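Undergrad: So the chains spell out like this:
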Amino acid sequence: MNLDFTQLLKLDINLFIAIIRLALICFASLHALAFLVLLRQVNLANNAIKTKGFGCILLVMVVYVITLFFILILTVIIAL
Amino acid sequence: MANAGINPKSVRHIFPKRKDKPFASVSVYPVNLFFDVQNPGEVIYIMMRKHFITNLPWIIKGVIFALVPFIILAVTDLIIIGGEKIIFESVFNQAGTAFWLVALAIFYSGIFSYLIGNYLNWYFNIYLLTNERVIHIHFKIFTGKIVSEAALEKIEDISQQIFGFFPSIFNYGDVFVQTAAEKSKFLFKSVSDPSWFRDVLGDLVSLIRKGEP
Chain A
3 MNLDFTQLLK LDINLFIAII RLALICFASL HALAFLVLLR QVNLANNAIK
53 TKGFGCILLV MVVYVITLFF ILILTVIIAL
Chain Y
3 MANAGINPKS VRHIFPKRKD KPFASVSVYP VNLFFDVQNP GEVIYIMMRK
53 HFITNLPWII KGVIFALVPF IILAVTDLII IGGEKIIFES VFNQAGTAFW
103 LVALAIFYSG IFSYLIGNYL NWYFNIYLLT NERVIHIHFK IFTGKIVSEA
153 ALEKIEDISQ QIFGFFPSIF NYGDVFVQTA AEKSKFLFKS VSDPSWFRDV
203 LGDLVSLIRK GEP
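Top to bottom, those sequences are chains A and Y. Residue numbering for the first sequence follows my numbering, starting at 3 and increasing by one per position. Residue numbering for the second sequence follows my numbering, starting at 3 and increasing by one per position.
These aren't lab readings, by the way, just hints derived from the structure by calculation. Being a predicted model, the structure only gives us computed values, none of them experimental. For each residue, glycine too, the CB sits at the ideal point set by N, CA and C. One thing to keep in mind: the hints can contain errors.
[Claimed, not checked] Derived CB-CB ranges, DEER-like:
(1) Y/R211 / A/G57: 38 to 48 Å
(2) A/T69 / Y/L69: 33 to 43 Å
(3) Y/I83 / A/N48: 28 to 38 Å
(4) A/T69 / Y/R211: 45 to 55 Å
[As the list claims (entries may be wrong)] Covered by chain A, according to a simulated footprint, are these stretches of chain Y (three or more residues, beta-carbon under 8 Å):
(5) 29-36
(6) 202-210
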């Protein structure tokens with residue numbers, strides 16, 4: 003015999019999943035926004051200190067921020 | 003290693019050759035490096051960051067975080083309550099596979115963000131030694147920027163410390179610079195080869211006092 007996780011903790015499964023959905027949407031939005039701010043800060047840092055290898059970091063950051071927004075959109079579509 | 007001796011004759015005597023690699027923690031005569039408050043004619047001799055090994059704690063934490071889902075699954079597989087195994091079937095079925103894949107993507111993007119944030123904190127924490135001054139520029143990611151500097155001619159005393167297990171093995175440590183100003187200490191924290199750096203800084207200060215560079 004197997005014991006289901008929700009039975010063990012006496013959870014309402016629908017409420018539990020709704021809370022997870024909400025938490026994921028909140029986290030994904032804040033995460034994407036925070037990295038948009040970080041991208042701007044990296045740009046400011048580069049204006050203050052121009053170093054070799056910076057273009058590579060900026061490229062990674064831009065791709066990553068786009069990925070985060072893509073994950074956010076996907077989360078909203080799937081979770082709602 | 004420094005081979006400047008006690009009475010260096012010129013800057014080339016102190017820093018004989020270029021040592022410059024992208025993403026390195028020490029660069030001598032760094033190419034294509036400029037900073038916003040650089041004076042006309044100011045030459046950068048050394049650019050330093052903390053030793054790369056100081057990044058080890060957050061790299062290890064990141065790897066452990068990445069293993070958390072597997073650890074949870076492995077542990078719950080081992081737990082047996084009243085002769086029954088715990089399963090997550092209802093939770094998985096209710097939300098669907100796509101939802102859990104997105105949740106996993108968000109979890110791993112969080113870990114990647116943690117790693118990239120810490121890396122940028124290290125990368126933009128820079129010490130510069132120029133022909134006029136020592137500068138510490140630190141971008142604290144998400145919080146702000148700290149800049150401190152000390153003129154070379156005001157440096158009075160330089161000391162170093164290599165203290166601890168990892169610093170002794172990987173040869174990194176702190177270099178303290180005492181200046182004549184009221185705020186007297188300037189700290190180069192966890193820099194590579196502090197003995198070499200203390201030596202070349204001392205030689206450069208004595209050269210500056212002679213009015214050479």
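Undergrad: Each hint should be assessed against the structure and marked as holding or not.
TA: Status of each hint after checking the structure:
no. : hint                       : result
1   : Y/R211 / A/G57: 38 to 48 Å : holds, 40 Å
2   : A/T69 / Y/L69: 33 to 43 Å  : violated, 22 Å
3   : Y/I83 / A/N48: 28 to 38 Å  : violated, 55 Å
4   : A/T69 / Y/R211: 45 to 55 Å : holds, 54 Å
5   : 29-36                      : holds (count 5)
6   : 202-210                    : violated (count 0)
Checked against the numbered hints given earlier, this structure breaks hints 2, 3 and 6; the rest are met.
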